[in-house]
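Per the numbering used here, the sequence shown runs over residues 6 to 179.
Since the hints were derived computationally from the structure, they do not count as laboratory data.
Among the hints, erroneous ones may be present.
Estimated spans, in silico, between C-beta atoms of each pair [stated by the list, open to error]:
id	residue 1	residue 2	range
1	Ile142	Asn47	17 to 25 Å
2	Gln71	Asp125	53 to 61 Å
3	Val63	Val150	45 to 53 Å
4	His127	Ile72	41 to 49 Å
5	Ala164	Glu90	21 to 29 Å
6	Thr175	Met151	23 to 31 Å
What you are looking at is a predicted structure, and each value in this text was computed from that prediction instead of being measured.
We put the CB at the ideal spot given by N, CA and C, even for glycine.
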Amino acid sequence: MNINQILKRKELLLSLGVILAGLFSAKHIFQKQQEKIRQIDNNIVIEQQRLELAKELVDLEHKLIQISAPYLEKDTSFAIDKLKEIASRCGAKIASVTIEKKTQAELYEVRQYKLSLQADYHSLGKFLSVLESLPDIIKVEEISVMPQQRMAPAKDLKALLNANLRLSATFIRP
């Protein structure tokens, strides 16, 4: 073999070595880039899931607000005024209202009222019906009905009753 041929092959071998080293380096860089792309794709998926959860939480919060809007906390004077208004619309007369007790929990509050009414049978039934149809959570815990005592019986007047009710009103906290 000739020295020139060896030198030519040496350059060829060196060129092949440089090309192989370049390809190996390119493959290594490509693999690192692919790994980074996979990590970014995984992060995108995780962030999309978080975004979906956040949207779901916002939707649930809006639903909670819509559902609990009629039951939001009200002060005692509001409830008493509402009871007086309902009684007058039904033809009943409130003789007395007493706040018995107040029970507080983490998510709601229960207030109990003792109510004395003067009404006829029809007005009392209408009053109870209106209480049941309210959007507020009102429960009649106890009711006692007695005829009103009169000095002289009047045949043309409706029979008036004295009704004592114990109500509990539940208010959901915002």
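So, going through the hints one by one against the coordinates:
Between isoleucine 142 and asparagine 47 the beta carbon distance is about 47 Å. The supplied range of 17 to 25 Å is therefore violated. Roughly 39 Å separates the CB atoms of glutamine 71 and aspartate 125, a value that falls outside the hinted 53 to 61 Å. The hint said 45 to 53 Å for the Cβ distance between valine 63 and valine 150, and at roughly 49 Å that hint holds. Taking the beta carbon of each, histidine 127 and isoleucine 72 are about 34 Å apart, not inside 41 to 49 Å as hinted.
About 25 Å separates the C-beta atoms of alanine 164 and glutamate 90, a value consistent with the hinted range of 21 to 29 Å. Take threonine 175 and methionine 151: their Cβ atoms lie about 28 Å apart, and the range 23 to 31 Å holds.
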